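Peer 1: Let the hints inform the model, and build the full structure from the sequences given.
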Amino acid sequence: YAPEVRNLARLLISCGCKMGKVGGAINAVARIFGLDLPNIISRRTVGRIALEGLLMARMQLGFDPSVRYLVMYLRRNEDYTISSDSTSRRKMNYQSHHIHMRVP
Numbered sequence: 001y002a003p004e005v006r007n008l009a010r011l012l013i014s015c016g017c018k019m020g021k022v023g024g025a026i027n028a029v030a031r032i033f034g035l036d037l038p039n040i041i042s043r044r045t046v047g048r049i050a051l052e053g054l055l056m057a058r059m060q061l062g063f064d065p066s067v068r069y070l071v072m073y074l075r076r077n078e079d080y081t082i083s084s085d086s087t088s089r090r091k092m093n094y095q096s097h098h099i100h101m102r103v104p
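Residue numbers (full-length UniProt numbering): 1 to 104.
Hints in this document: simulated from the structure, not taken from any laboratory.
Predicted, not measured: the structure shown is a model, and the values here were computed from it.
A hint or two may mislead.
[Unchecked claim] FRET-style restraints, in silico, Cβ to Cβ:
| id | residue 1 | residue 2 | range |
| --- | --- | --- | --- |
| 1 | C17 | T87 | 42 to 48 Å |
| 2 | G24 | N93 | 50 to 56 Å |
| 3 | T81 | R31 | 36 to 42 Å |
Glycine included, each C-beta is placed from N, C-alpha and C at the ideal position.
Peer 2: Now the structure itself:
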């Protein structure tokens, strides 16, 4: 699905819409604007979109992502790069870690 649809699904979830109802809500909004969507997003896909959003939020906020979710995501996708670097200044060590993932 397009990034705009994924963002809308995450927005609906954050507003309290049940995962099983997100696909129907998106189709209803599309019909209001005169668009006919060929597919309805399934509850399972919405759950994956929500997990993807959780991983992005944790990385953006600087939290260490849960190893279990990260390993599960990396096993499914081969398009990722992991890098790290460290330096020291005035006897203080600084480390940085970076993951770049291709999001569908």
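Peer 1: Next, verify each hint and record whether it holds.
Peer 2: Hints versus structure:
| no. | hint | verdict |
| --- | --- | --- |
| 1 | C17 / T87: 42 to 48 Å | 45 Å, holds |
| 2 | G24 / N93: 50 to 56 Å | 52 Å, holds |
| 3 | T81 / R31: 36 to 42 Å | 40 Å, holds |
Consistency note: the structure conflicts with none of the earlier hints.
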